[in-house]
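Asks: Just so we're aligned, residue 1 is where the sequence shown starts under my numbering, counting upward by one.
Certain hints may be false.
[Unchecked claim] DMTMM-like, lysine to aspartate or glutamate: derived pairs with alpha carbons at most 25 Å apart:
| no. | residue 1 | residue 2 |
| --- | --- | --- |
| 1 | Lys163 | Glu97 |
| 2 | Lys2 | Glu54 |
| 3 | Lys163 | Asp65 |
| 4 | Lys126 | Asp96 |
| 5 | Lys126 | Asp175 |
| 6 | Lys146 | Glu50 |
| 7 | Lys45 | Glu3 |
| 8 | Lys126 | Glu143 |
| 9 | Lys126 | Glu3 |
| 10 | Lys163 | Glu55 |
| 11 | Lys146 | Asp23 |
| 12 | Lys163 | Asp74 |
| 13 | Lys146 | Glu158 |
| 14 | Lys126 | Asp6 |
| 15 | Lys45 | Glu158 |
| 16 | Lys45 | Asp23 |
| 17 | Lys163 | Asp23 |
| 18 | Lys126 | Glu157 |
[Unchecked claim] FRET-style restraints, in silico, Cβ to Cβ:
| no. | residue 1 | residue 2 | range |
| --- | --- | --- | --- |
| 19 | Asp73 | Glu97 | 35 to 41 Å |
| 20 | Gly113 | Asp175 | 33 to 39 Å |
| 21 | Thr7 | Thr53 | 18 to 24 Å |
| 22 | Arg129 | Ser41 | 21 to 27 Å |
| 23 | Ala72 | Lys163 | 17 to 23 Å |
| 24 | Glu50 | Thr10 | 29 to 35 Å |
| 25 | Asp76 | Lys163 | 23 to 29 Å |
Don't read these hints as lab results, they were simulated from the structure.
Each residue gets a CB set at the ideal place from its N, CA and C atoms; glycine is no exception.
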Amino acid sequence: MKELLDTMETTAGIFQIGLADEDDTELVRSLLIEAATWMESSGIKQWNPEQFTEEVISSYFTNRDVYLLLRADDHDPAGLFTLQTSDCDYWGELNDEGYSYLHRLTVRPTYRGHALGRELIYWAAKRSRSLGRKGLRFDCWNENRKLNPYYRELGMEERGLGKLNGRQYILYEMDATVFQRV
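My request is simple: use the sequences and hints to build the entire structure.
Replies: Structure, rendered in structure tokens:
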């Protein structure tokens with residue numbers, strides 16, 4: 001890990017969040033493959049394990065920041081997400097380089113049920129504020145019946161639809177009041 005950034009206390013224990021580096025490529029890849037495999041087995045067609053090649057993961061370290069969530073006592077990886085400053089692929093004409101764009105949010109199955117996804121989203125908002133960003137944006141496949149309601153409950157507002165590789169995505173932006181409050 002390149003840099004330890006914060007510690008967070010949750011119902012699942014105490015975790016550290018840090019900025020990953022290229023030495024973490026295989027760890028990041030394994031976490032994303034694990035999440036994609038779980039999605040496939042649950043009938044969620046958001047990601048597939050084959051998309052997370054070593055080359056794709058390595059490219060993350062050149063065009064975005066990768067954040068790892070590790071249990072503080074033994075550094076067991078619990079989740080990750082990435083932030084980037086632009087997302088023309090999904091946002092098209094609505095893309096604004098003043099925002100942070102969150103991608104690849106995942107929490108390992110053994111850590112689900114403790115609101116770590118919410119904690120990571122809110123931490124990403126705090127990080128975005130500290131970096132001088134206007135807000136936090138991300139997308140979700142429009143057919144994901146579990147995540148879309150969840151994101152709305154967390155204060156995300158729909159900003160439109162994006163289309164990539166023949167699929168539609170809902171474009172979300174964190175409500176400005178929530179962004180400033182978290």
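Asks: If a hint holds in the structure, say so; if it doesn't, say that too.
Replies: Each hint tested on the structure:
For the hint linking Lys163 to Glu97, the alpha-carbon distance of about 19 Å falls within 25 Å, and the restraint holds. Of the supplied pair hints, the one linking Lys2 and Glu54 holds, its CA atoms being roughly 19 Å apart against a limit of 25 Å. Between Lys163 and Asp65, the direct Cα distance comes to roughly 24 Å. Compliance with the 25 Å bound is thereby established for this hinted pair. With a C-alpha separation of about 19 Å, the suggested pair Lys126 and Asp96 falls inside the 25 Å cut-off, and the hint holds.
For the hint linking Lys126 to Asp175, the alpha-carbon distance of about 13 Å falls within 25 Å, and the restraint holds. Among the hinted pairs, Lys146 with Glu50 is consistent with the structure: their alpha-carbon atoms are about 23 Å apart, no more than 25 Å. Distance hint between Lys45 and Glu3 is unfulfilled; the C-alpha atoms sit about 33 Å from each other, more than 25 Å. Distance check on the hinted pair: Lys126 and Glu143 sit about 28 Å apart at the alpha-carbon level, beyond 25 Å; violated.
At roughly 17 Å between alpha-carbon atoms, Lys126 and Glu3 fall within 25 Å of each other, so this suggested pair holds. Note on Lys163 and Glu55: the hinted pairing holds, with a Cα-Cα distance of about 24 Å set against a maximum of 25 Å. A hinted pair counts as satisfied when its Cα atoms are at most 25 Å apart, and Lys146 with Asp23 does not qualify at roughly 33 Å. Between the alpha carbons of Lys163 and Asp74 the distance comes to roughly 41 Å, so the proposed pair goes past 25 Å and is violated.
With a C-alpha separation of about 16 Å, the suggested pair Lys146 and Glu158 falls inside the 25 Å cut-off, and the hint holds. With a CA separation close to 11 Å, the supplied pair Lys126 and Asp6 stays within the 25 Å bound. With a CA separation close to 21 Å, the supplied pair Lys45 and Glu158 stays within the 25 Å bound. Restraint check: the Cα-Cα separation between Lys45 and Asp23 comes to about 29 Å, which exceeds 25 Å; the hinted pair is violated.
For the proposed pair Lys163 and Asp23, the alpha carbon gap of about 33 Å is over 25 Å, so the pair is violated. With a CA separation close to 18 Å, the supplied pair Lys126 and Glu157 stays within the 25 Å bound. Take Asp73 and Glu97: their Cβ atoms lie about 39 Å apart, and the range 35 to 41 Å holds. Checking the proposed 33 to 39 Å range against Gly113 and Asp175 shows it is violated: the Cβ atoms sit about 25 Å from each other.
Roughly 32 Å separates the CB atoms of Thr7 and Thr53, a value that falls outside the hinted 18 to 24 Å. Distance hint check: the CB atoms of Arg129 and Ser41 are about 36 Å apart, inconsistent with the given range 21 to 27 Å. Evaluation of the 17 to 23 Å hint for Ala72 and Lys163 yields a failure: the beta carbon distance comes to about 41 Å. Taken as a hint, the range 29 to 35 Å holds for the pair Glu50 and Thr10, whose Cβ atoms sit roughly 32 Å apart.
Separated by about 38 Å at the C-beta atoms, Asp76 and Lys163 break the suggested range of 23 to 29 Å.
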